[in-house]
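S.K.: Listed here are the chains, written in short residue letters.
Number of protein chains: 2
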Amino acid sequence: MPPARGDRAARREDVSETVWQVLADKGFGGLTLRAVATAMGVSTGMLMHYFPTKRALLTHALDLLEKRTAERPRRARPTEGLATVRVMLLDILPLTPGDTARNRVWVGSWDLSLADDDLAAAQAERYTRLRASLLPHLEAARDLGELPALADLERLAASAVAFTHGLVVQALFDPARFPEEVQTAMLDEFLASARRPATAAAPAPAPAP
Amino acid sequence: MPPARGDRAARREDVSETVWQVLADKGFGGLTLRAVATAMGVSTGMLMHYFPTKRALLTHALDLLEKRTAERPRRARPTEGLATVRVMLLDILPLTPGDTARNRVWVGSWDLSLADDDLAAAQAERYTRLRASLLPHLEAARDLGELPALADLERLAASAVAFTHGLVVQALFDPARFPEEVQTAMLDEFLASARRPATAAAPAPAPAP
Numbered sequence: 777m778p779p780a781r782g783d784r785a786a787r788r789e790d791v792s793e794t795v796w797q798v799l800a801d802k803g804f805g806g807l808t809l810r811a812v813a814t815a816m817g818v819s820t821g822m823l824m825h826y827f828p829t830k831r832a833l834l835t836h837a838l839d840l841l842e843k844r845t846a847e848r849p850r851r852a853r854p855t856e857g858l859a860t861v862r863v864m865l866l867d868i869l870p871l872t873p874g875d876t877a878r879n880r881v882w883v884g885s886w887d888l889s890l891a892d893d894d895l896a897a898a899q900a901e902r903y904t905r906l907r908a909s910l911l912p913h914l915e916a917a918r919d920l921g922e923l924p925a926l927a928d929l930e931r932l933a934a935s936a937v938a939f940t941h942g943l944v945v946q947a948l949f950d951p952a953r954f955p956e957e958v959q960t961a962m963l964d965e966f967l968a969s970a971r972r973p974a975t976a977a978a979p980a981p982a983p984a985p
Numbered sequence: 777m778p779p780a781r782g783d784r785a786a787r788r789e790d791v792s793e794t795v796w797q798v799l800a801d802k803g804f805g806g807l808t809l810r811a812v813a814t815a816m817g818v819s820t821g822m823l824m825h826y827f828p829t830k831r832a833l834l835t836h837a838l839d840l841l842e843k844r845t846a847e848r849p850r851r852a853r854p855t856e857g858l859a860t861v862r863v864m865l866l867d868i869l870p871l872t873p874g875d876t877a878r879n880r881v882w883v884g885s886w887d888l889s890l891a892d893d894d895l896a897a898a899q900a901e902r903y904t905r906l907r908a909s910l911l912p913h914l915e916a917a918r919d920l921g922e923l924p925a926l927a928d929l930e931r932l933a934a935s936a937v938a939f940t941h942g943l944v945v946q947a948l949f950d951p952a953r954f955p956e957e958v959q960t961a962m963l964d965e966f967l968a969s970a971r972r973p974a975t976a977a978a979p980a981p982a983p984a985p
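Protein sequences appear in the order of chains C and A. If you count the first sequence from 1, you need to add 776 to reach my numbering. If you count the second sequence from 1, you need to add 776 to reach my numbering.
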């Protein structure tokens, strides 16, 4: 019946919200059936109607992370080329409390993912897609003359992802030293360095027509 | 008596080695008293003579990680300037099986460290020291004319650490795509981009005398 269904859906939402809070505070190492039950004020037995095993709880946590990442607000992408790349990388950095919580859960998930062949393969695939999603915008940047004509764009995409993920980690551990303006300035410097031709003395060839 | 003492020390060594193996295979999420006891073929009760609590086991794991990192073999540092920076960053990357196991444990420890204020502060301090350890070599590089005279060297140290740690993560998840030669080439390109003056058109001022 509709009301009961609504209650059930609302309760599922509550459970998910609590799982997310426990994750954001305590990480995967602190995500236990008991911790979630305590945070909800219910018994572990009651929670096991939702998650019969620890594994089911971890799977739900990873699904939540995917879902919240996919549904996160993103910046408008107004222009082609490096400006778009910049915005896509800004969307990854921990610049707001919500972004910070999500990044904390991502970084925490690496411990679990590295220990499980299927999860590791899924993560590798995700990073391959992220690099691939940058590529058309790097190509546009090259065609616009924003990047050297001979730049290795796949390599540049990999470097941009590496730089951004490493900056996420430093900013999570030391938010006072890496506030929004520092993270943004570091990203802008990284992109500026990509614009420069390979040697300062010899200008890069003109961009392809 | 000496023999008994030797046995005890040898047994401690065995316990540490097993803790390290479990960590490298299963991460912090898989590091339990039961998993270590099973891997050693002893009872959990027996293992609790070494680690009375899960917390004691985690603390030992973090100590092991510090110790093995401090004692790892490092490359010779033959020259001043960027060549030294390069070697220091190569020493971080997962280029050998031992380096890979240690990096896997480091990345896995972030989940735990981010959830604990003291551990997070210790980690932030460690990264501050790492950036500071690069600084004199970046200054030497600037004085040698390898870097633009006006480069922000603290910022560059932070970018170098971010890039290197992010590359560690990508290489751990996708070792086939990031073998030694790709990691090394990416690092060399990162350092080459730091050498370039801020704009291609305007050459950097001459290095300070």
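Hint data in this document are derived by calculation from the structure and do not stem from the laboratory. Don't take every hint at face value.
You can't tell identical chains apart in this list, so a pair holds if it fits in one copy or across any two.
Restricting the straight-line Cα-Cα distance to at most 27 Å, the calculated cross-link-like pairs of lysine-lysine (DSS-like) are [said to hold, decoys possible]:
1) Lys830 <-> Lys843
2) Lys802 <-> Lys830
3) Lys843 <-> Lys802
Small disclaimer: the values here were computed from a predicted structure and weren't measured.
S.K.: All the hints need checking, so say for each whether the structure fits it.
M.R.: Each hint, compared with the structure:
Taking CA atoms no more than 27 Å apart as the test, Lys830 paired with Lys843 passes inside one copy only; the shortest distance there is 20 Å, against 32 Å between copies. With identical chains, the CA atoms of Lys802 and Lys830 are at most 27 Å apart both within one copy (16 Å) and between copies (16 Å). For a Cα distance limit of 27 Å, the shortest separation of Lys843 from Lys802 qualifies both inside one copy, at 20 Å, and across copies, at 26 Å.
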